[in-house]
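Take these sequences, add in the hints, and give me the full structure.
The chain contents come next:
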Amino acid sequence: MAGASFSRSREWALALPLAGFFTLFFVAPLGLLISVSFQAERQMTGGLGLGQYGAFVADALNIAVLADTLIVGLKATALCLFFGYPLAWLSTRVSARWQAPLIFLIVLPIVTSVVVRTFAWIIILGRNGMVNDAILALGLSAQPLRLLFSETGVVIVLAQVQMPLMVLPLITTLQRIDPNLESASQALGAGAWRTFFKITLPLSLPGIIAGTILTYTACVTAFVTQSLIGGSRLLYMPMLIFQQAMDLQNWPFAAAVSVIFMASVLVIVGMLVALSRSRAAKLYG
Amino acid sequence: MHRNWEALSFSAVFGFFALVSIVVLAGPTLVILILSFTGEESLRFPPASYSLRWYAALADANELHAALWVSLKVAAMTVTACVVMGVSASLAIARSHSRFARLLETLFMSPLILPALAFGFATLMLFSMLGVRASALTLAIGHIVVCVPFVMRTTLASLAQLDPALLDASRSLGASGFHTFRHVTLPLISRGVASGAFIAFMASFDNVPVSLFLQDARTQVLPIYLWDIIQNQLDGRAASACGVIIIATALIMVLMERLAGFSRFVK
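Those sequence lines, one after another, are chains B and R. Going by my numbering, the letters in the first sequence line up with residues 1 to 285, in that order. Going by my numbering, the letters in the second sequence line up with residues 1 to 267, in that order.
I should point out that these hints are in silico values taken from the structure, not numbers from a laboratory. The reader is advised that the hints may include incorrect statements.
If you only want the chain B side, here are some residues facing chain R, beta carbon under 7 angstroms, derived [said to hold, decoys possible]:
{"id": "1", "residue": "L33"}
{"id": "2", "residue": "T112"}
{"id": "3", "residue": "T217"}
Residues of chain B clear of chain R, computed beta-carbon distances all greater than 10 angstroms [to be verified]:
{"id": "4", "residue": "G54"}
{"id": "5", "residue": "R97"}
{"id": "6", "residue": "L147"}
{"id": "7", "residue": "L248"}
{"id": "8", "residue": "R277"}
{"id": "9", "residue": "S278"}
Ideal Cβ positions, reconstructed from N, Cα and C, are used throughout, including at glycine.
Take a look at the structure:
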């Protein structure tokens with residue numbers, strides 16, 4: 001017994017290097033960020049106050065940027081779910097021979113550079129890009145459409161870039177569902193659609209929520225995609241923070257914007273987690 | 001008859017959406033890969049002619065070489081630190097059910113959820129107030145924080161599958177804690193660790209939001225250099241550099257799949 005507790009305390013020591021590292025380079029910077037956001041003066045002369053937050057709220061433009069960021073993330077996440085769910089479903093239904101290449105195809109984008117994948121979309125959606133060539137050739141429009149630097153473009157590209165984050169948790173939950181449940185439902189007379197909506201979909205909810213959290217947080221903070229596809233006309237929170245911090249050197253305001261942005265993301269993630277807990281309690285409690 | 005029709009319509013609708021997703025997922029990468037072999041001056045798809053000219057143009061792209069070198073150096077430092085600290089922290093919290101262990105796990109995983117750009121800015125303020133100048137080391141410090149969750153996730157997943165009876169057996173046979181780790185635990189979790197290290201490497205190599213704040217003129221990283229080219233001049237070398245990245249990534253991933261069953265750990 002004494003030996004066990006000794007080795008337990010020794011095992012704890014193994015977490016110390018990372019805990020120390022995180023205290024210095026994660027907790028401390030975030031603490032600094034929060035304290036700088038309460039600086040009243042741009043020059044950070046020491047006076048404290050809520051002035052930076054007041055300045056953010058007072059300008060309707062800032063509120064619009066925050067709302068745009070959160071809404072674009074929502075749209076892209078919905079698109080991911082709508083297309084990602086059937087893909088996850090397919091990869092649990094195909095034979096083992098097809099499953100491996102399919103999973104490979106889904107995972108490859110995760111490790112491929114985001115800059116590379118976003119670059120591809122500039123070629124595809126640009127004024128002289130593939131999509132516009134096709135639209136002009138088919139006579140669907142006389143003018144090339146403005147796809148790049150539009151919100152629609154940002155939503156489409158965000159959804160494509162982040163889709164694996166939605167699909168992978170979905171595959172995991174779909175694989176865990178007992179196939180007997182679906183057989184039982186069908187044997188009792190329910191058709192494929194009814195079985196899906198009454199059995200498969202509710203049981204895969206934990207995967208949907210896990211995927212939604214990962215995809216949503218990735219979409220709202222996807223600085224590269226937002227700024228390359230959105231261009232300078234569309235402004236989102238990450239770019240606002242960058243402009244204030246680096247171009248205008250207004251650190252207290254940039255810090256306040258960062259805190260507001262982080263808090264908004266955490267509130268949304270918290271709501272999703274609470275939702276998944278209450279659903280789990282209903283299903284299994 | 002009605003049942004058959006319903007099953008068919010379900011499969012048709014789900015199959016169609018899945019197929020669209022597959023095309024959309026793979027398409028853009030293929031477009032860049034094909035485009036990188038263009039023989040033309042402008043980046044139009046499909047190319048009118050094919051050549052290796054833009055790959056040849058990479059040979060004397062000195063700035064690009066410098067950026068690549070910085071990125072590789074930072075990624076190597078990041079992965080080393082992530083594996084050493086991440087694996088040992090995983091060992092500490094894996095088998096504990098205490099609240100404190102869960103709290104630490106949440107702390108170590110939280111960089112996945114928090115906006116990396118806000119964290120990059122916060123770290124810049126810390127370094128600037130401490131008077132630390134930007135270098136490959138400051139870049140690596142920022143990258144370690146955002147990359148360590150990847151190593152921990154795969155390591156914790158493989159530790160969860162580890163049969164504790166094996167460790168008890170090793171200990172009761174007289175092996176020391178380190179001996180047990182070296183000869184029992186480590187071989188059994190090595191695939192998870194390798195997969196996490198690979199993801200962490202790619203995440204560091206690809207990182208923009210943190211690097212944006214922690215780099216300076218001497219330590220520009222590759223993704224930001226490419227981003228500048230793409231945004232400003234859309235040079236053919238951007239396509240061939242992306243082509244190299246795509247081919248290298250796919251090759252390493254095939255290798256990781258063979259050696260470590262990589263895709264199992266990403267889920």
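So, going through the hints one by one against the coordinates:
no.: 1; hint: L33; verdict: holds (4 angstroms)
no.: 2; hint: T112; verdict: holds (5 angstroms)
no.: 3; hint: T217; verdict: holds (5 angstroms)
no.: 4; hint: G54; verdict: holds (20 angstroms)
no.: 5; hint: R97; verdict: holds (15 angstroms)
no.: 6; hint: L147; verdict: holds (14 angstroms)
no.: 7; hint: L248; verdict: holds (13 angstroms)
no.: 8; hint: R277; verdict: holds (15 angstroms)
no.: 9; hint: S278; verdict: holds (20 angstroms)
Comparing the model with each earlier hint shows no violations; every hint is respected.
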